[in-house]
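Residues per chain, in single letters:
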Amino acid sequence: MSATEQSLMDSETVETRTMSGAEILIRALTDQGVDVIFGYPGGAVLPIYDALFAQNNIRHILVRQEGGAVHAAEGYARSTGKPGVVLVTSGPGATNAVTGLTDAMMDSIPIVCLTGQVATHLIGNDAFQEADTIGITRPCTKHNYLVKDTNEMGRIVHEAFYVATHGRPGPVVIDLPKDICVNQGTYEMPDLASLRHKTYRPPEHGDAAQVRAAVELMAGAKRPLFYTGGGLINSGPEACAKLRELVQLTGYPITNTLMGLGAYPASDNQFIGMLGMHGTYEANHAMHDCDVMICLGARFDDRITGRLDAFSPGSKKIHVDIDPSSINKNIHVDLGIIGDVGLVIGQMLDCWKAEGHAPDRAALADWWTVIQRWRSRDCLAYHQGGDVILPQHAIKRLYELTKDKDVYVTTEVGQHQMWAAQYYKFEEPNRWMTSGGLGTMGYGLPAAVGVQIAHPEALVIDIAGEASTMMNIQEISTAMQYRLPLKVFILNNRWMGMVRQWQQLLHGSRFSETYSEALPDFVKLADAFGATGMVIDDPKTLDDDIQRMLDTDGMVIADVRVAQEENCFPMVPSGAAHNEMLLGTDQDGVGAPVSAAGQALV
Amino acid sequence: MSMETEVNPRHTIAVLVDNEPGVLARVVGLFSGRGYNIESLTVAEVDTTLDRSRINIVTSGDQMIIDQIRAQLERLVPVFNVVDLTEEGPSIERELALVRVVGKGENRIEALRVADIFRARAVDSTLGSFVFEVTGDSNKVNAFIDLMRPLGLREVSRTGVVAIARGAESM
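The listed protein sequences derive, respectively, from chains Z and S. For the first sequence, numbering that gives the first Met the number 0 begins at 0 and goes up steadily by one. For the second sequence, numbering that gives the first Met the number 0 begins at 0 and goes up steadily by one.
Among these hints, one or two may not hold up.
[Stated by the list, open to error] When the alpha-carbon atoms are kept at most 20 Å apart in a straight line, the in silico SDA-like pairs for lysine to any residue are as follows:
1) Z:Lys147 / Z:Asp125
2) Z:Lys197 / S:Thr48
3) Z:Lys147 / S:Lys103
4) Z:Lys221 / Z:Trp367
5) Z:Lys197 / S:Val122
6) Z:Lys147 / S:Asn18
7) Z:Lys404 / Z:Lys424
8) Z:Lys315 / S:Arg51
9) Z:Lys81 / Z:Asp190
10) Z:Lys197 / S:Leu23
11) Z:Lys352 / Z:Arg243
12) Z:Lys197 / S:Gly21
13) Z:Lys523 / Z:Leu581
14) Z:Lys197 / S:Ser128
15) S:Lys103 / S:Ser128
16) Z:Lys197 / S:Asp17
17) Z:Lys147 / S:Glu19
18) Z:Lys147 / S:Asp17
19) Z:Lys197 / S:Leu75
20) Z:Lys395 / Z:Lys352
21) Z:Lys197 / S:Lys103
22) Z:Lys197 / S:Ala70
23) Z:Lys197 / S:Asn18
24) Z:Lys395 / Z:Asp377
25) Z:Lys147 / S:Ala142
26) Z:Lys197 / S:Glu19
27) Z:Lys147 / S:Leu23
Just so you know, the hints here were simulated from the structure itself, not pulled from any lab data.
Construct the complete structure from the given sequences, taking the supplied hints into account.
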């Protein structure tokens with residue numbers, strides 16, 4: 000009997016197999032259905048890279064900096080609904096990943112981040128490339144693990160995936176000492192369907208009595224409003240489909256948060272736009288004046304509420320959230336329902352139908368009349384004249400020219416992000432990837448890498464600002480390595496635009512350090528990486544130029560020269576009530592002056 | 000300070016956790032990271048077969064903050080159960096203190112007399128000093144320490160509060 004036959008028999012007869020820790024890791028990832036990892040090698044993870052080398056199930060995407068790996072995994076996760084997986088080395092590899100982990104924590108993105116660690120006997124000795132990864136990542140992860148025994152590797156990996164994807168999703172770190180990856184241990188494939196955590200029990204359905212009370216409150220409303228957020232995207236496409244059914248069944252208006260865009264089709268007449276600091280005039284006024292607010296999978300973030308004591312003073316508030324700590328955190332609500340938002344909406348639908356509820360049609364008609372009056376202010380109107388492209392116009396044209404395609408949009412952070420949220424309309428969930436809670440400049444390009452890896456045939460656009468995109472510009476190299484045909488649409492105004500806007504509005508136009516004196520030539524930069532660069536600077540040829548970008552094979556970096564001093568409106572200045580919005584120059588301003596207290600707020 | 004205690008009543012919260020490495024750091028990090036107050040914190044393993052520890056935390060804050068603390072604690076993955084003992088019916092709180100008193104003559108006799116009233120035991124003695132062991136709720140321990148101050152108080156070591164609900168129900 001040859002040696003090969005012998006080992007084959009062993010694997011068939013023995014349930015639990017002995018392997019190295021690194022092999023167990025790869026095996027457990029494969030059993031979890033992981034098909035791609037975003038990572039960067041280093042000394043402490045060499046055994047893992049060796050195990051990766053010896054298999055073909057998992058594809059490794061080599062980024063150019065570990066921060067990019069986490070954002071790429073976020074883009075992958077957000078656009079697929081599956082967890083994103085990251086592999087980085089110890090010390091600087093792990094510390095570079097911290098921003099991405101915090102970003103995923105804030106936006107509830109399921110990530111499993113594998114970090115290398117020095118060998119167990121060296122931990123605590125200030126060894127080369129040692130960092131207290133567990134200590135550093137404790138507050139910026141949903142949970143983290145240090146594997147101390149190779150036999151525990153399999154269990155911990157499966158548990159990590161469970162924790163990352165169940166309940167309110169989030170990032171989980173597994174810290175892997177080098178010796179643990181080298182040592183031999185046993186692995187047993189658990190039954191994933193029946194896997195339960197010994198302490199962590201995320202909620203599922205909402206309390207039936209509370210759902211009934213909520214539906215009753217909804218049915219009796221005169222001026223109702225759905226306020227929905229990223230929880231819908233996390234709950235999945237089915238949850239979004241149920242939301243559509245509920246919204247259309249009731250005929251009530253709906254607004255989305257930045258994280259929730261796409262949960263409800265933006266082209267539908269019942270959708271009154273995004274709400275919040277740069278939300279529409281009608282959405283913020285409707286929030287302020289509604290009598291029943293139905294908050295589904297959103298969290299009353301300070302970008303939404305404005306000044307807390309002036310937030311929607313006359314409304315009864317229903318809040319559905321999977322995370323009990325989100326309820327009554329910023330805003331006191333009348334009815335808090337803990338549960339998965341998709342399941343609770345399903346319960347609401349069943350209850351509404353079973354009890355034969357109908358909306359108060361007369362009151363609702365009056366409410367829509369009021370909303371139409373706000374809508375008629377046309378708060379997103381702009382006037383594209385002259386020879387300079389307005390950033391709003393650039394995004395609107397980009398939207399018109401790409402809306403019929405299989406398109407995914409990522410953004411960086413700043414004015415361009417808000418304009419993208421305002422002017423690019425999303426009809427489906429998982430199409431919009433942005434850094435909402437943390438506001439991480441440099442998110443969009445690596446996130447686009449992750450999205451394109453997940454959807455190789457789709458059109459993936461990073462709507463960028465020139466300052467943000469410089470923060471992770473090295474990831475062009477990643478895109479080139481994997482021949483990703485990303486379109487980076489840079490709205491270049493030479494300013495850190497959103498900071499400049501705040502300096503203009505809040506700090507007497509003292510533009511301290513917000514002008515980019517030495518930007519690269521983006522065309523030459525694209526050329527240096529092997530991508531195609533183009534300048535777009537003429538409003539008259541804007542459509543043709545965008546079309547040229549879309550028609551160009553491979554990666555394109557479009558340097559769109561836009562009006563330099565354009566501001567992003569509407570805007571609820573910090574410290575103001577959410578119905579006190581500054582509007583653009585084409586509309587009559589109704590904004591509140593910025594108070595001293597407001598200046599101290601972010 | 001006293002104003003603050005009036006506005007923000009004291010709550011004793013018991014947390015049953017999986018006794019895994021770092022669980023205390025998670026709890027403490029939660030309090031410091033979110034700006035909550037810790038007046039007292041005790042932790043010890045209470046179930047060796049199930050590997051569970053109990054953390055008793057005395058904190059203060061308005062109702063919204065106390066509710067937040069509870070929800071945030073429940074959100075931690077290795078947490079089994081959180082009970083606000085102050086809110087959920089009567090409970091017993093105990094603290095133990097070891098108190099070193101140094102003195103001679105009348106002060107030494109007076110210290111013994113006070114210790115007797117407080118049912119404190121002298122657990123160490125030299126010709127010029129005592130170490131008293133006193134147990135009770137925090138108010139009693141505070142009162143004892145205050146009385147010892149003029150009698151030669153030198154050093155205090157306190158356990159912090161342990162607490163449990165009255166009655167037959169367990170957490």
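Verification of the supplied hints:
1. Z:Lys147 / Z:Asp125: Measuring from Cα to Cα gives roughly 18 Å; hence the hint holds.
2. Z:Lys197 / S:Thr48: At roughly 14 Å apart (the allowed maximum being 20 Å), S:Thr48 and Z:Lys197 satisfy the hint.
3. Z:Lys147 / S:Lys103: Measuring from Cα to Cα gives roughly 55 Å; hence the hint is violated.
4. Z:Lys221 / Z:Trp367: holds (10 Å)
5. Z:Lys197 / S:Val122: violated (43 Å)
6. Z:Lys147 / S:Asn18: Given that 20 Å is the threshold and the Cα spacing comes to 15 Å, the pair holds.
7. Z:Lys404 / Z:Lys424: OK: Z:Lys404 and Z:Lys424 at ~13 Å, within 20 Å.
8. Z:Lys315 / S:Arg51: violated (42 Å)
9. Z:Lys81 / Z:Asp190: holds (19 Å)
10. Z:Lys197 / S:Leu23: Given that 20 Å is the threshold and the Cα spacing comes to 18 Å, the pair holds.
11. Z:Lys352 / Z:Arg243: holds (15 Å)
12. Z:Lys197 / S:Gly21: Holds, at about 17 Å.
13. Z:Lys523 / Z:Leu581: Status violated; Cα separation ~39 Å.
14. Z:Lys197 / S:Ser128: violated (51 Å)
15. S:Lys103 / S:Ser128: Holds: S:Lys103 and S:Ser128 sit about 8 Å apart, inside 20 Å.
16. Z:Lys197 / S:Asp17: holds (9 Å)
17. Z:Lys147 / S:Glu19: Roughly 12 Å between the alpha carbons, so the hint for Z:Lys147 and S:Glu19 holds.
18. Z:Lys147 / S:Asp17: holds (17 Å)
19. Z:Lys197 / S:Leu75: holds (13 Å)
20. Z:Lys395 / Z:Lys352: Between Z:Lys395 and Z:Lys352 the Cα gap is close to 39 Å, so the pair fails against 20 Å, i.e. violated.
21. Z:Lys197 / S:Lys103: violated (58 Å)
22. Z:Lys197 / S:Ala70: Roughly 19 Å between the alpha carbons, so the hint for Z:Lys197 and S:Ala70 holds.
23. Z:Lys197 / S:Asn18: Given that 20 Å is the threshold and the Cα spacing comes to 12 Å, the pair holds.
24. Z:Lys395 / Z:Asp377: Judged against 20 Å, a Cα distance of about 15 Å means the pair holds.
25. Z:Lys147 / S:Ala142: Given pair Z:Lys147, S:Ala142 is violated - Cα atoms ~47 Å apart, limit 20 Å.
26. Z:Lys197 / S:Glu19: holds (12 Å)
27. Z:Lys147 / S:Leu23: With a Cα-Cα distance of about 18 Å, the restraint between Z:Lys147 and S:Leu23 holds, given a limit of 20 Å.
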